[in-house]
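Engineer: Listed below are the residues making up each chain.
There are 2 protein chains.
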Amino acid sequence: MDQEIPALEGLVCPVPLPHREQILMGHGSGGKMSRDLISRVFLPPFDNPSLGAGDDGGVVEVEIEAQPGEVVKGRLAISTDSHVVWPLFFAGGDIGRLAICGTVNDVSMMGAMPLYLTAGFILEEGLEVSILNQVVASMQTAAAEAGVIIVSGDTKVVQKGKADGLYINTTGFGVLPPAVQIGGAHARTGDVVILSGTIGDHGIAVLEARGELGFETQISSDVAPLNHLVQAMLRASQNLHVLRDPTRGGLATTLNEIAQQSKTSILLQESRIPVKPAVASACEMLGFDPMYIANEGKLVAVVSPEDSEKVLQAMRLTRYGEGAVIIGEVQAAPAGRVLMKTTLGSTRIVDIPSGEILPRIC
Amino acid sequence: MDQEIPALEGLVCPVPLPHREQILMGHGSGGKMSRDLISRVFLPPFDNPSLGAGDDGGVVEVEIEAQPGEVVKGRLAISTDSHVVWPLFFAGGDIGRLAICGTVNDVSMMGAMPLYLTAGFILEEGLEVSILNQVVASMQTAAAEAGVIIVSGDTKVVQKGKADGLYINTTGFGVLPPAVQIGGAHARTGDVVILSGTIGDHGIAVLEARGELGFETQISSDVAPLNHLVQAMLRASQNLHVLRDPTRGGLATTLNEIAQQSKTSILLQESRIPVKPAVASACEMLGFDPMYIANEGKLVAVVSPEDSEKVLQAMRLTRYGEGAVIIGEVQAAPAGRVLMKTTLGSTRIVDIPSGEILPRIC
Numbered sequence: 001m002d003q004e005i006p007a008l009e010g011l012v013c014p015v016p017l018p019h020r021e022q023i024l025m026g027h028g029s030g031g032k033m034s035r036d037l038i039s040r041v042f043l044p045p046f047d048n049p050s051l052g053a054g055d056d057g058g059v060v061e062v063e064i065e066a067q068p069g070e071v072v073k074g075r076l077a078i079s080t081d082s083h084v085v086w087p088l089f090f091a092g093g094d095i096g097r098l099a100i101c102g103t104v105n106d107v108s109m110m111g112a113m114p115l116y117l118t119a120g121f122i123l124e125e126g127l128e129v130s131i132l133n134q135v136v137a138s139m140q141t142a143a144a145e146a147g148v149i150i151v152s153g154d155t156k157v158v159q160k161g162k163a164d165g166l167y168i169n170t171t172g173f174g175v176l177p178p179a180v181q182i183g184g185a186h187a188r189t190g191d192v193v194i195l196s197g198t199i200g201d202h203g204i205a206v207l208e209a210r211g212e213l214g215f216e217t218q219i220s221s222d223v224a225p226l227n228h229l230v231q232a233m234l235r236a237s238q239n240l241h242v243l244r245d246p247t248r249g250g251l252a253t254t255l256n257e258i259a260q261q262s263k264t265s266i267l268l269q270e271s272r273i274p275v276k277p278a279v280a281s282a283c284e285m286l287g288f289d290p291m292y293i294a295n296e297g298k299l300v301a302v303v304s305p306e307d308s309e310k311v312l313q314a315m316r317l318t319r320y321g322e323g324a325v326i327i328g329e330v331q332a333a334p335a336g337r338v339l340m341k342t343t344l345g346s347t348r349i350v351d352i353p354s355g356e357i358l359p360r361i362c
Numbered sequence: 001m002d003q004e005i006p007a008l009e010g011l012v013c014p015v016p017l018p019h020r021e022q023i024l025m026g027h028g029s030g031g032k033m034s035r036d037l038i039s040r041v042f043l044p045p046f047d048n049p050s051l052g053a054g055d056d057g058g059v060v061e062v063e064i065e066a067q068p069g070e071v072v073k074g075r076l077a078i079s080t081d082s083h084v085v086w087p088l089f090f091a092g093g094d095i096g097r098l099a100i101c102g103t104v105n106d107v108s109m110m111g112a113m114p115l116y117l118t119a120g121f122i123l124e125e126g127l128e129v130s131i132l133n134q135v136v137a138s139m140q141t142a143a144a145e146a147g148v149i150i151v152s153g154d155t156k157v158v159q160k161g162k163a164d165g166l167y168i169n170t171t172g173f174g175v176l177p178p179a180v181q182i183g184g185a186h187a188r189t190g191d192v193v194i195l196s197g198t199i200g201d202h203g204i205a206v207l208e209a210r211g212e213l214g215f216e217t218q219i220s221s222d223v224a225p226l227n228h229l230v231q232a233m234l235r236a237s238q239n240l241h242v243l244r245d246p247t248r249g250g251l252a253t254t255l256n257e258i259a260q261q262s263k264t265s266i267l268l269q270e271s272r273i274p275v276k277p278a279v280a281s282a283c284e285m286l287g288f289d290p291m292y293i294a295n296e297g298k299l300v301a302v303v304s305p306e307d308s309e310k311v312l313q314a315m316r317l318t319r320y321g322e323g324a325v326i327i328g329e330v331q332a333a334p335a336g337r338v339l340m341k342t343t344l345g346s347t348r349i350v351d352i353p354s355g356e357i358l359p360r361i362c
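Protein chains in written order, with this note's numbering: chain L, 1 to 362; chain C, 1 to 362.
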C-alpha cells in the first residue's frame, strides 16, 4: 500500500518515494504482462463465469418472451475490442477493416454467427475528415463482406495530442446455437490442431507501413472476416472443440492459452507451420519469431481426429481457408505447455512472450 | 473533391491549397456540428433503420432456437459509448462510474432493462495502476447498483502522449419486451414532458474539478444508473412515448432532438425547470445556460396526459426520481421546434448549440 507522501516543496526527498506502479506498453501486448494486469486489476472486481473463462468474448443467456407468459432462453456471444493500430493505413488494410474484422472474428471464434456491431470513435482534433471518410468506407466494405450491420455508434473528440488520429472500439454479438460448445477449455488429448494459413503477415505489413523494416516486402496484412469460414467448419463437423484467432502475441500465445485453459499439451510440427518466404526473411533480419507475430485473418482449430479431414476439406473450399493445414496435436502432458518438434528433430518449449513485441499492432 | 497537390519542395505554393476539412472539438459536442458529421460521414455508408432512427441506441431482432426447428424472435436494445471525460475524477463520480451509467442509461432510454456490458480500455503508458484500480472499483460499484454484468473486456496501451490517462468504451444491451415502443419519434400532441430532477449538475461539477470555475461550489455530478427508475415508470404506465437522458448538449439539445424526430413542438415552462441555486449562479458567472449543460443522472419522459400523474408518482418513489416534475407539453406547431415560456411571460425559441460548449464532459 502506498504511504502518504509529505509535501516537500523545494527539498530533495530524504527517503525513497514509494514505488508507484505504472502502465507500460507491455501491458497491452497480449502476453504475460497483459494477463497479469487483467488477473490483478480487472478480474477480481468484475469476476463472473463469462469473463473468467478467458475466451475471446463472453457467452450470456437471455430470456425472450415468445408469447405472453412464455419465455424462451437463448445464448448470445459478445465481444469487444478497441483498435489503436498505428499507422492507420497499411498494405492490405486499415484501422477500419481491422476494427470490423477483429470483432467479427472474436464472435466467430465462440462458434456464433456475428450479426450486429456497434462502433465507438475517438477522434483527435485536427484529423482530416477525408481520412475518416476512407476509414468509414473501409469499415462498410468489411461489414458488407462479413454480413454484419452496425446498429449503434458514438463519436467523441479529444484535443490535439490526446489521441493518435483515431481509435475505434467495436463490439459485436451473435446468437449461439444450443448445440455449440466451443472454448479454449475444450481441447482433448488426441485432438488435431489445424491452422487456416500462413502466419505473421499482418505484423510484418504494419511494420513495413511504419518504415521500420528498412527494406521493402510484398507482404500485405491478412486482415479478413472469418465468419463464413467458421460457418463452413461448423457445417462440416460437430466436433470442433476450440476456435481461436492468433492476433496479439501470435500463434505461440494463442496455443499457450488453449493448453493452459484445457490443461493439455500441444505438440507442433515446425515443418508444417506455413510462413511466407518474405515474412520469414523479414523476421530473420529483425530477430523476430513469426510464431509471435500478430495475424488478423487466421484461425486455429482444435478438432476431434476423426473429423479433421472433413474440417480441412471444408476450410479449403473457402476464401480465407485455402491454405489450411494440420500443424500438430493435443497430448496429455506436459499440461499447460506448447512443444514444437523442430525441423532439426529436437523438441523445444514454445513459451508466451512477457512484454511487448510490436506495440499497437491492432 | 480534393485536387492532387503537386510536390513543391522549397517553393512557396503559387496557388491556394485546397481546403482540407479537419475534425474540430465541436464535432464531439452533441450539437449541430456532431449531427452534421454523423449525417455526412457515418450515416451514408452505415445506413440502416436502426442507426437512422437517431435514438440512444439500436434495436435489433434476434432469432433464438427454442427447440430444434422452432425459432422465436426477440428484440434487443444495444448502445455504445466511449468515455473521454477529463479530469478522471470529479465530485460525485469518475470516468468509471460514468462509463457504466452512461451505457446503462442509453439502453434504459429505449425501454429495455440493461443486462450485460462490455468494457474496452485504452490506457496511456505511464498511467498509475492505482488510478486504474480506483476506476475499475468504481465501475464495479456502479455495475452492482445497476445490476449489470461485465461479460467481455479489452485492454490496449498507447504511448505516453497518445491518450489522456485512460479512455473507456462501454457497450450494453438488454432485452426489449414485445409491448415496449419507445423512441424519439413517438411524442404526440397533448403529451406531457416530465424531467426527473435538477439540470446542469454534472457539467458544473466537472468544470469545478478542472479548476475552471475560479470559485468553489458544493455541486456534485448527478451521474447515476437510471434503469430502476425506468422500470418503475414502465410498471406505472404503458403510455410512455419517449425516454431520453439529456447528456451532451443538455436538456435543450435532447428536447430539440425529440421535437425533430417526432415532428412536433415542445413548449416548456421556464419556472418549472429545476436548477440548483449553486448551478444557476455558476452558470450566470460563466455566461452559460443550464439548459445546455450535460447531465448524467437525469431523464426526460414524454407521456400521455392521462398517465402523467401515475408516472410522476412512480418516479418520486425512486432514488433518482425524487425531484421529478412536469416541465412542459407537446404541441403540433411549430413542428421540430422547442419553445419556452419564460418567467417574464414571453416565449422564446430554445435552439440547439452549434459547436462545443464544454469539451470532454463525458
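Warning: the hint list may mix true and false statements.
Chain copies aren't distinguished; within one or between two, either way the pair holds.
Unchecked claim - Restricting the straight-line Cα-Cα distance to at most 30 angstroms, the calculated cross-link-like pairs of lysine-lysine (DSS-like) are:
{"no.": "1", "residue 1": "162", "residue 2": "73"}
{"no.": "2", "residue 1": "341", "residue 2": "160"}
{"no.": "3", "residue 1": "160", "residue 2": "32"}
{"no.": "4", "residue 1": "73", "residue 2": "160"}
{"no.": "5", "residue 1": "162", "residue 2": "263"}
{"no.": "6", "residue 1": "341", "residue 2": "162"}
{"no.": "7", "residue 1": "32", "residue 2": "73"}
{"no.": "8", "residue 1": "310", "residue 2": "276"}
{"no.": "9", "residue 1": "341", "residue 2": "276"}
{"no.": "10", "residue 1": "32", "residue 2": "162"}
{"no.": "11", "residue 1": "160", "residue 2": "263"}
{"no.": "12", "residue 1": "162", "residue 2": "310"}
{"no.": "13", "residue 1": "160", "residue 2": "276"}
{"no.": "14", "residue 1": "310", "residue 2": "160"}
{"no.": "15", "residue 1": "341", "residue 2": "73"}
{"no.": "16", "residue 1": "263", "residue 2": "310"}
{"no.": "17", "residue 1": "73", "residue 2": "276"}
{"no.": "18", "residue 1": "162", "residue 2": "276"}
{"no.": "19", "residue 1": "32", "residue 2": "310"}
Read the hints as simulated data drawn from the structure, not as lab findings.
Engineer: Each of the hints needs a verdict: does it hold here or not?
Structural biologist: Consistency of the hints with the structure:
In this homomeric assembly, residue 162 and residue 73 never come within 30 angstroms of each other (Cα to Cα): the closest approach is 44 angstroms inside a single copy and 43 angstroms across copies. In this assembly of identical chains, the alpha carbons of residue 341 and residue 160 never lie at most 30 angstroms apart, being 50 angstroms within a copy and 41 angstroms across copies at closest. Taking CA atoms no more than 30 angstroms apart as the test, residue 160 paired with residue 32 passes between copies only; the shortest distance there is 21 angstroms, against 32 angstroms inside one copy. When the C-alpha separation of residue 73 and residue 160 is checked against a cutoff of 30 angstroms, the pair qualifies neither within a copy, at 47 angstroms, nor between copies, at 46 angstroms.
For the identical chains of this complex, residue 162 and residue 263 are neighbours neither inside a copy (42 angstroms) nor across copies (39 angstroms), given an alpha-carbon limit of 30 angstroms. In this assembly of identical chains, the alpha carbons of residue 341 and residue 162 never lie at most 30 angstroms apart, being 47 angstroms within a copy and 42 angstroms across copies at closest. With identical chains, the CA atoms of residue 32 and residue 73 are never at most 30 angstroms apart, being 37 angstroms at best within one copy and 42 angstroms at best between copies. Taking the shortest alpha-carbon separations for residue 310 and residue 276, only the intra-copy value of 26 angstroms comes in at or below 30 angstroms, while the best inter-copy value is 69 angstroms.
For a Cα distance limit of 30 angstroms, the shortest separation of residue 341 from residue 276 inside one copy, 20 angstroms, qualifies, whereas the shortest one across copies, 72 angstroms, does not. With identical chains, the CA atoms of residue 32 and residue 162 are at most 30 angstroms apart both within one copy (27 angstroms) and between copies (23 angstroms). Within a single copy, residue 160 and residue 263 get their C-alpha atoms no closer than 47 angstroms, and across copies no closer than 38 angstroms, so neither meets the 30 angstroms cut-off. Proximity of residue 162 to residue 310 under the C-alpha cut-off of 30 angstroms is found in neither arrangement, the shortest distances being 50 angstroms within a copy and 47 angstroms between copies.
Taking the shortest alpha-carbon separations for residue 160 and residue 276, neither the intra-copy value of 39 angstroms nor the inter-copy value of 34 angstroms comes in at or below 30 angstroms. When the C-alpha separation of residue 310 and residue 160 is checked against a cutoff of 30 angstroms, the pair qualifies neither within a copy, at 53 angstroms, nor between copies, at 49 angstroms. In this homomeric assembly, residue 341 and residue 73 never come within 30 angstroms of each other (Cα to Cα): the closest approach is 46 angstroms inside a single copy and 50 angstroms across copies. For a Cα distance limit of 30 angstroms, the shortest separation of residue 263 from residue 310 inside one copy, 26 angstroms, qualifies, whereas the shortest one across copies, 58 angstroms, does not.
In this assembly of identical chains, the alpha carbons of residue 73 and residue 276 never lie at most 30 angstroms apart, being 46 angstroms within a copy and 46 angstroms across copies at closest. For a Cα distance limit of 30 angstroms, the shortest separation of residue 162 from residue 276 qualifies neither inside one copy, at 37 angstroms, nor across copies, at 33 angstroms. In this assembly of identical chains, the alpha carbons of residue 32 and residue 310 never lie at most 30 angstroms apart, being 35 angstroms within a copy and 56 angstroms across copies at closest.
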